[in-house]
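The task is simple: from the sequences and hints, build the whole structure.
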Amino acid sequence: MTRKKPARPPTVKTLKKVMTGIQGLDEITGGGVPQGRPTLISGGAGAGKTMFALEFLVRGATQFDEPGVFISFEETNADLTKNAASLGFNLDRLVAKKQLFIDHIQISRSEIAETGEYDLDGLFIRIADAVKQVGAKRVVLDTIEALFGELPNPSILRAEIRRLFGWLKDQGLTTVITAERDRPENLTRHGIEEFVSDCVIVLDHRIREEISTRRLRVVKYRGSTHGTNEYPFLIDEHGISVLPISSLGLDHPAPASRISTGIERLDGMMGGEGFFRGSSILMSGTSGTGKTSVASHFVDAACRRGERCLYFAFEESPRQIVRNMRSIGIDLEPWIRKGLLQFHAARPSYAGIEEVLLVTHKHIASFKPDVVVVDPITNLLTVSTLNEVRSMLTRLVDFLKTLEITALFASLTAADGFLEANEADISSLMDTWLLLKAIEVSGERNRALYVLKSRGMNHSNQIREFVLTDHGLQLLDVYLGPEGVLTGSARVTQEGREKAASTSRRQILEGRGRELDRKREIFEARMTMLRAEFQVEEEIIQQNISEFELIDQELLEDRGQMVRSREADTKAYRKGNYGPRAKVR
Amino acid sequence: MAVKKAVRKTARKTATLPEPTVWKLKLYVAGQSPKSLRAFANLKVLCEEHLKGRYQIEVIDLIEHPHLARGAQIIAIPTLVVKLPNAVQKIIGDLSETDRVLIGLALQPVG
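Sequence lines, in order, name chains Z and G. Per my numbering, the very first residue in the first sequence carries number -10; after that it's consecutive. Per my numbering, the very first residue in the second sequence carries number 127; after that it's consecutive.
Everything labelled a hint here was simulated from the structure, so no lab data went into it. Hints are supplied without guarantee of correctness; some may be wrong.
Unchecked claim - The list that follows gives simulated cross-link-like pairs (lysine to aspartate or glutamate, DMTMM-like), each with its CA atoms no further than 20 Å apart:
no., chain 1, residue 1, chain 2, residue 2
1, Z, Lys351, Z, Glu322
2, G, Lys150, G, Glu174
3, G, Lys152, Z, Asp547
4, G, Lys150, Z, Asp387
5, G, Lys152, Z, Asp387
6, G, Lys161, Z, Asp387
Claimed, not checked - Covered stretches of chain G, going by a simulated chain Z footprint (3 or more residues, C-beta under 8 Å):
no., region
7, 147 to 161
8, 189 to 203
Only a predicted model underlies this, so the values are computations on that prediction, with no experimental measurement involved. A virtual CB, placed ideally from N, CA and C, is assigned to each residue, including glycine.
Structure, rendered in structure tokens:
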């Protein structure tokens, strides 16, 4: 008997992964945790291990149709349910729907006496039964090392735990094992990490400058590449979200379509069409240069187009912004009522920068805006260093670009003049950089604006003055003086001067025109006179000529008559009969 | 010294407690494993020696009745569960160390 060889060539064995469903983690790990293998989650007390494990099961059950079993060695079912409720998960419902099975292992040392060799078959049977009950694909053991405190004979226990992990693997169960880390140099108290060779994730909860940050790091992931950095994460009412510090690549789309800035003449400065959709715009300026006004124009224009806008206000309350913008003729209220515009106002100092970023991401993910305004990003510096702000913005910009969201970041610069140096770091992330400037000349402070850079488009290089009027921001014509652009009353003076100059020029011109006319008249008059004189002379000369001709003719005729009368030499004077005739004769 | 006194006191107290007329012993096993068989044999010998005619052994195979493991909070195999008047005592292991089993069963005073 011959067996047919399978047509398929032997494929390279790649590690299969299972999505955890935890926001951001699957990106870092390139697809989740190893399928059918144990993953160790290690961390100190309060690092979020149980929450992590819970979310792993809940997401599995609700999003990936993978029911789960939670074996709890510490918390009771009631406690777990309560904790899960704080993440927005309803465990009771999942249990009722047979998507989740919770087993609380309760043993106490005082009840136990050891009288010889034992094994953990009881635990194996309990897990196997629980898995069977719900058809589980995922298992959580939280925290199995608790057994060391309750069962005698650690060497048997270690061997049994090792056997358990092997068994779970044989069953093809994707398992999350949590372990408490008591010292930084240890991953687990009892060294069970050596039994989990595939994937180890460490959670950390630290406090720096009174701001707490949770961080996550993939310490080990056998057979897979993974992000090796520490990633901040957040636990809130929607579960855990992890943020990769740097995006995995620069491969976001680059739409060629443009959107209006909301200020017609500013559009004009940007090649006539405004910003690129999906680009990031930095707008920096000292205080009082009209950043929020420019931003409001942008938002207003977007809402007019029916696009959704998300406005992160880190400095002013939404009401205040709405009120202030009314004074320049922009009414944002209807857009808020229509649900096109959403404000999120908060002082960043209430939380760490990661939290701000995560909250920002969450709002963006849930509101799905077309346009985002962050006003101002500089306030983030109050809670963090420039480096961290930069890394946060990188992440935010990347995130926004992938979603093709156009973002306007307002940045407040110090009034000491070094406008651009401060933000050079941040600006490299941005596609367009608008600079709002206060120009102080002759006792006045006027506002000016220019496009410092704008990638991929032809843009104006002029500094333009603008004024805030009842009906919005208006860019004015450019007046250049000896010292550059003229603003304010200097501009008005210059305008007047130019007007006067042009009037006098016009007068001179008119005068010259008249002079020319006059000269032409004189010239023509002279021409006429000359022509008349000439005609007179011509007539006289003509007369003379004809007189002379007459005389000449008469003379000739007279001579002919005389010859004929003398008859002398007739032949010679016979008309037309000279030589030959004479010969015949 | 104080500790020693306390121990003696407890021991006396245990000794004076009314002993159950019939000892109900539950032995949890997982199939016919050598450890389980050994535990059952050891228990049988011990009971015959100390509790002749006053005991009942119920062997529960968790492979057949897995849900009972949860109810009785069993994880180690074999486990002997003894209902004492004031507590439930769990004795794990193959019951090869007779003295410890007797202490667990409160049949032999400590010390």
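Which earlier hints can't be squared with this structure?
The structure breaks hints 1, 3, 4, 5 and 6; every other hint is satisfied.
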